[in-house]
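Using the sequences and the hints, build the whole thing.
So the protein sequences, as listed, match chains A and B.
According to our numbering, numbering within the first sequence proceeds without interruption in unit steps and concludes at 349.
According to our numbering, numbering within the second sequence proceeds without interruption in unit steps and concludes at 349.
If you're looking for bench data, these hints aren't it; they were derived computationally from the structure.
Any given hint could be a false lead.
Claimed, not checked - Straight-line distance between alpha carbons at most 30 Å, and here's what the computed DSS-like set of lysine-lysine pairs gives:
#1 Lys305/A / Lys286/B
#2 Lys300/B / Lys42/B
#3 Lys297/A / Lys195/B
#4 Lys176/B / Lys300/A
#5 Lys300/B / Lys176/A
#6 Lys286/B / Lys60/A
#7 Lys305/B / Lys159/B
#8 Lys305/B / Lys262/A
#9 Lys300/B / Lys306/A
There are 2 protein chains.
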Amino acid sequence: MYTADYLKSFVQRVFVQMGCPEDDAAIIADVFIKAELRGLPSHGMLRLKDYFQLWQARRINVRPQIKVVHETPSTAVVDGDNAVGMVAAYRSMQIAMEKARQVGTGWVATRNSNHYGIAGYYAMMALQEDMIGISVTNANPLVAPTFSIQRMLGTNPLAVAIPAGKYRPFVADFSSTPISRGKLAVMEKKGQSCDLGYVQDKDGNPSTDPGILSKGGSMLTLGGDYEHGSHKGFCMAATIDIFSAVLSGANFGPFVPPSVAYLPVLEQKVGEGTGHFFGAMRIDAFQPADHFKAKMDQWIETFKNAKPVPGKKVIIPGEPEFDNEERIARQGIELVPAIATDVKEIADFFGIPFEV
Amino acid sequence: MYTADYLKSFVQRVFVQMGCPEDDAAIIADVFIKAELRGLPSHGMLRLKDYFQLWQARRINVRPQIKVVHETPSTAVVDGDNAVGMVAAYRSMQIAMEKARQVGTGWVATRNSNHYGIAGYYAMMALQEDMIGISVTNANPLVAPTFSIQRMLGTNPLAVAIPAGKYRPFVADFSSTPISRGKLAVMEKKGQSCDLGYVQDKDGNPSTDPGILSKGGSMLTLGGDYEHGSHKGFCMAATIDIFSAVLSGANFGPFVPPSVAYLPVLEQKVGEGTGHFFGAMRIDAFQPADHFKAKMDQWIETFKNAKPVPGKKVIIPGEPEFDNEERIARQGIELVPAIATDVKEIADFFGIPFEV
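Right under this line is the structure:
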């Protein structure tokens, strides 16, 4: 078990050793550890090795000149200069929030970035200032559009964070696939089969093999098949891809660069790096924030009290992750042995102490 | 078979007879007929009777004073004054576009409105000026959140319209349920059973009865069940409800007023009328529009050429509806006998000629 502070300070030192400025390294560490605390380890310490290897392969820029390349009062396009994704994303969301302070809302499309961790982190930045935050990103292609057998899209998530009053904020943070790549990987490691509706084989047949991705298969969009609305999951993933990449000038769809160094750099580019899109809307650009937050409390109470299926209860988006944060901050963060070993190797490489 | 112009002019006359100003009636008629042309008759002439009966029951306002009640350079809240939904929505989208002209983007939350027809209509208004258009609405509660047996949400749709160059625009217009209420009704009328994953019975058990809604059952969110991501469909529907109603001051979730006169006015109100939310983003607030549209063409080509499942092809969002528009504009609009009879009764009521 590790405390959040211990891991955060460790991750920060690692990125400083790679050459990142202190404050950039602090941002990256905070996003990593927030993923662990929120119970999303697939976006936490597991990814340290990926970034370490990208750095070794000189495929990321630890001293980026992140800059606004185009703007209006409510919009900007940001060039991330091939930064660690968390740094480009954090700076972009700051710009969106600054624009919202000025004209009510701010919208930033970011290109030339990399994997940015949990989408919800950036959306939740807006909560501190009574704003609604929005964050989407494209990602490595693993998902086939409806009626295709080709991996064309990432699991493209959408995060929306909305302030409440006495209740914790509403935080929807969900991918455009039925389940995550990480959950498939866990089932594969355990030798389990998976439900129908998650993946298809290389010929487009329904499959229950969670390891089918390594055999030419692909993930399906939310909905699973056309009869159950997979074209709507495709609409969501496609819209996120266009906002993240076409609007920013990043690589779209199948051209998103790999977020791991063991996959080669793609030959064809249609833009610069990975793309994100961020939004910030000041609540008081619509109504007084206190009034809105009281209404959100009423909304949350209404849905919490919806008549449940016997033995279940309605879950307000974000609740499980806030519960995790409280519990894991108290109990400590556990790293599975394989990840702890990877982290220890990186620690040794840089001569930074790390207890396993 | 009717020409679009014949029906449009007829619908306009009906609403003028109800007391609407000519230009408001023209907007309403255009949205009705656009639904027919796009192959979405569940939002077309079928709804004329609903609005006629709401008017007879004095439950809509045909002479609304639609006004902006709060604004910033990029946002507004509009009070629709209980207008026909199409009128409140059209005016709201115009305001969003005017704000986008000024500061790059415009975002309008609308309260005190009614059923607005096809979400895509308003999103597509933005295309004329090389803007991206966004339109969402809440709607009568028919859908249960994950783990609930209570109807709390509408089929809350999201429409996003994005300009392209040589290709037709990308127009995603999709509800947050696996299939539409209208398709369930058709299956029910035909005495068919439906797939699992669309509806549940009053106790939350999976059901294949498309008529289960009249027996206390409810529709499920996109994903169907928790294992297949229904909580993600719930996230989408809930976010749309909050943007449409909490941000605007309309009724949220279970309190959305009925869009038909045969259902009584709800006793409890938590806001004013039905709510919508609109967005307009000028493409050139991010990059030159010509450059963007060429990139969109490349995006569309890439996805059109994705390797298909044998015998199928990838469908770009919006393609089927544009195909319908071309075909139905050429062939004419067909009304099923039951609808033609309803329309004829309304025509006779007002003494407007209508051929059946």
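Checked hints:
Simply put, Lys305/A and Lys286/B have alpha-carbon atoms about 48 Å apart, too far for the 30 Å limit, and the pair is violated. Taken as a hint, the Lys300/B and Lys42/B pair is broken in the structure, with Cα atoms around 45 Å apart against an allowance of 30 Å. The suggested pairing of Lys297/A with Lys195/B holds, with an alpha-carbon distance near 18 Å, which does not exceed 30 Å. A C-alpha spacing of about 26 Å is found between Lys176/B and Lys300/A, which places the hinted pair at or below 30 Å, so the restraint holds.
With a CA separation close to 26 Å, the supplied pair Lys300/B and Lys176/A stays within the 30 Å bound. Annotation: proposed proximity of Lys286/B to Lys60/A holds, straight-line Cα distance about 24 Å (limit 30 Å). Only pairs whose Cα atoms come within 30 Å are accepted, and Lys305/B paired with Lys159/B is accepted, the gap being roughly 23 Å. Restraint check for Lys305/B and Lys262/A: the C-alpha separation of about 28 Å stays at or below 30 Å, so the hint holds.
Between Lys300/B and Lys306/A the CA atoms are separated by roughly 42 Å; this puts the pair beyond 30 Å, and the hint is violated.
This entry does not satisfy hints 1, 2, 9, going by the numbered hints stated previously.
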